[in-house]
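There are 2 protein chains.
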Amino acid sequence: MALIVQKFGGSSLATPEHIRRVAKIIAETKKNNHRVVVVVSAMSGETDRLLNLAHETATMPQERELDALLATGEQVSAALVAIALKSMKITARSYLGLQLPLLTDKQHTRARIIKLSTEELKKTLEQDIVPVVAGFQGVNSNGDITTLGRGGSDTSAVALAAALQADLCEIHSDVDGVYTADPAICPRARHLGQLTYGEMLEMADMGAKILQIRSVELARKFKVPLLIKSSFGSDKCTWIVEEEKRDMESAVISGIILSHNEAKLSVIRVPDRPGVAYQILSPLADASINVDMIIQNASIDGYTDFTFTVPKTDLSKTRELVEKVLPKIGARELCTDDGIVKISAVGLGIKNCPGVAARMFQALANEGINIQMISTSDIRLSCVVEAKYGELAVRVLHDVFGLEKNNSFNPA
Amino acid sequence: MALIVQKFGGSSLATPEHIRRVAKIIAETKKNNHRVVVVVSAMSGETDRLLNLAHETATMPQERELDALLATGEQVSAALVAIALKSMKITARSYLGLQLPLLTDKQHTRARIIKLSTEELKKTLEQDIVPVVAGFQGVNSNGDITTLGRGGSDTSAVALAAALQADLCEIHSDVDGVYTADPAICPRARHLGQLTYGEMLEMADMGAKILQIRSVELARKFKVPLLIKSSFGSDKCTWIVEEEKRDMESAVISGIILSHNEAKLSVIRVPDRPGVAYQILSPLADASINVDMIIQNASIDGYTDFTFTVPKTDLSKTRELVEKVLPKIGARELCTDDGIVKISAVGLGIKNCPGVAARMFQALANEGINIQMISTSDIRLSCVVEAKYGELAVRVLHDVFGLEKNNSFNPA
Chain A
1 MALIVQKFGG
11 SSLATPEHIR
21 RVAKIIAETK
31 KNNHRVVVVV
41 SAMSGETDRL
51 LNLAHETATM
61 PQERELDALL
71 ATGEQVSAAL
81 VAIALKSMKI
91 TARSYLGLQL
101 PLLTDKQHTR
111 ARIIKLSTEE
121 LKKTLEQDIV
131 PVVAGFQGVN
141 SNGDITTLGR
151 GGSDTSAVAL
161 AAALQADLCE
171 IHSDVDGVYT
181 ADPAICPRAR
191 HLGQLTYGEM
201 LEMADMGAKI
211 LQIRSVELAR
221 KFKVPLLIKS
231 SFGSDKCTWI
241 VEEEKRDMES
251 AVISGIILSH
261 NEAKLSVIRV
271 PDRPGVAYQI
281 LSPLADASIN
291 VDMIIQNASI
301 DGYTDFTFTV
311 PKTDLSKTRE
321 LVEKVLPKIG
331 ARELCTDDGI
341 VKISAVGLGI
351 KNCPGVAARM
361 FQALANEGIN
371 IQMISTSDIR
381 LSCVVEAKYG
391 ELAVRVLHDV
401 FGLEKNNSFN
411 PA
Chain B
1 MALIVQKFGG
11 SSLATPEHIR
21 RVAKIIAETK
31 KNNHRVVVVV
41 SAMSGETDRL
51 LNLAHETATM
61 PQERELDALL
71 ATGEQVSAAL
81 VAIALKSMKI
91 TARSYLGLQL
101 PLLTDKQHTR
111 ARIIKLSTEE
121 LKKTLEQDIV
131 PVVAGFQGVN
141 SNGDITTLGR
151 GGSDTSAVAL
161 AAALQADLCE
171 IHSDVDGVYT
181 ADPAICPRAR
191 HLGQLTYGEM
201 LEMADMGAKI
211 LQIRSVELAR
221 KFKVPLLIKS
231 SFGSDKCTWI
241 VEEEKRDMES
251 AVISGIILSH
261 NEAKLSVIRV
271 PDRPGVAYQI
281 LSPLADASIN
291 VDMIIQNASI
301 DGYTDFTFTV
311 PKTDLSKTRE
321 LVEKVLPKIG
331 ARELCTDDGI
341 VKISAVGLGI
351 KNCPGVAARM
361 FQALANEGIN
371 IQMISTSDIR
381 LSCVVEAKYG
391 ELAVRVLHDV
401 FGLEKNNSFN
411 PA
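Chains A and B, in that order, are what the protein sequence lines are. Take the first sequence: its position 40, counting from 1, is numbered 40 in the numbering used here, and each next residue is one higher. Take the second sequence: its position 79, counting from 1, is numbered 79 in the numbering used here, and each next residue is one higher.
In case anyone wonders, no lab produced these hints; they're calculated from the structure. Heads up, some of the hints might be wrong.
Incomplete in silico selection of chain A near chain B, CB under 7 Å [as the list claims (entries may be wrong)]:
1) ASN33
2) GLY45
3) ILE83
4) ALA84
5) GLY151
To give a feel for the contact side, a few chain B residues facing chain A, derived at Cβ under 8 Å [claimed, not checked]:
6) THR57
7) THR59
8) THR72
9) VAL76
10) LEU80
Note that CB positions come from ideal geometry on N, CA and C, so glycine has one too.
So that you can see chain A by itself, here it is in the shape it has in the complex (with noise of 0.2 Å):
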């Protein structure tokens, strides 16, 4: 008997007749002497409605406003799924973010996990009700709604899983696991069976729309083992597990990415001193804006280029809050682009087979596709390329590192 933390996106929610489906899941899950704690995003289509009538109500509305009008989303799914296991004799009670509570710090719109109570859920448990949880939303201190950011209902049932010290976190949705590719731009991308949190972070990362990203470093943290399921009747599913679980025999590489999400800008010719960097970032830093990657290029007469990449979302703040800073340090302008993507190979073998980057680069150049910016970690390489590139760099270098196959690549 197990402790599942199952958790249901709003493509599994989108319809009363998906939420029965969710709810006999559920009940199969029971029935097979599991304890469950559902999480629930809202149903789709659901928070971009709320968006929309927001910003036909005011251009700018206030972040804590649309805390508490998105919040409403997945209260509806906690609800109505609660609402469909009862019609099957299995007692559930919904739990908003602040019922349990669910404490986070004071930011709007992307805040923060500071305590999550799990007094009443493991009182709930006890009493063999099935907790359904309303993703996404958390209290702060205040007794405001917060929210966790777009996805944020990952985060929520892996912080559940970790809180409950629970056997598993099944995230269920309308795709059946990780591909080395994305199938609809790479017909010959493969199903993964498995992968590690830091490849699944770095996938998550560049736009594979699978899980929150936090939601990973979460589960990471607290050794959290994930499952990815389709809850549309796939028999597949992708586990993310510890590298030491991982299977002996992984790929050097595991899958292509390409995101879209990304914006890049140049502050252009900017004075090469100490600090300039700083200076430009750390207003978007106090604005938690990520920016991702960041080049400057070699100093022509005391002046230098810096370019950096933000996601597209946060262009027109980060374009703002730059140029207030451009006549601090003396920069002459600012250029911003956002028809660019970026594509990304991830795998373990990165870090131990050198000639993976050239070979990247020699797929890219084979095809006339110039490199803008450049960027690696350990398991990850990463260009940035005119964006109408981006489908061809996929399946090219879907080819060149043999993912169709399940074998390791030889660099040599």
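Got chain A; can you put chain B on it based on the hints?
Chain B only, in chain A's frame:
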């Protein structure tokens, strides 16, 4: 400088454009140096949308989850109104029932208010922030969300006005006040500038559809002046005040009201012995079903028929409860009829004008309308008639009592 509670109904909040119009009304009130507390209903259609989701998910949704579900409608409105106010440079802050808190009893879907904390609201008002309270909802001592029943936002508004000792509670909707009859049925209906709480109670009860009856009871108890206004630009409005403040020359009859909301139940051939009425009605009281009219025929051979009306929505539940009682009291059968309407004349003059009832019965008889049940109060005369005669009866009585003109009816 007055403290005004402004409540806006669903039709006033139907779209983002409506919401901005509401924000302008609030801004205007602020500009006239009043302090404002706003109470909102769900956007029109939203409560029905949510109810449909619940009923598509399961045939018998449990009430705790229905409350958690429905409460989101007002939460959405409150956040959006706060957003709209902010865009007009008015600092606002949304509040859920849970956040005030508005403490209720543990009954779901029709909870009653136990205590309303005003501490947080007073702090907010002191900082010149407009609180925007989600109506209709509260929280019980378990921390569960409760709701006050359909139209409960009116009750939230009056409760807030009473607790804050506000000077006035404005009820904004798509109607500009109370008329002598429904203008859609009776083209000669006349707008009323003023009514007493008592008259309004009888009218709301009769289906005037303007206010939840409990809100008027609460307003009378705490002497909160009510002002019924339209948020769609009409100059007219109706004051609901104490009898002492009512104009001297009030009409004998203020209005004719048609109610489609009731169903009739007859327990046939009940042994006529003490305690029978109690045995029939006490399970209904326990189930919080409001019994309205009750008649018991003269006893023949020790048997009688016992007839009463309940809200149509409670008919099936009532039938179920009464059928359980039938064998215990030895009654023959239960007949039900939901093809009835109740037609009522309401006015302060009824108690002093014995001729009014006779005139009413005569007018109906002249049209060949059979009266099935009669009930009266100090200020109301009601008859149950076959549904098809309802609208005719309204027009006939409106004419007989001369309501198109603002004058007293002389029964002599």
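Numbered hints the structure breaks, given as an ascending list:
Structure breaks hints 1, 2 and 5.
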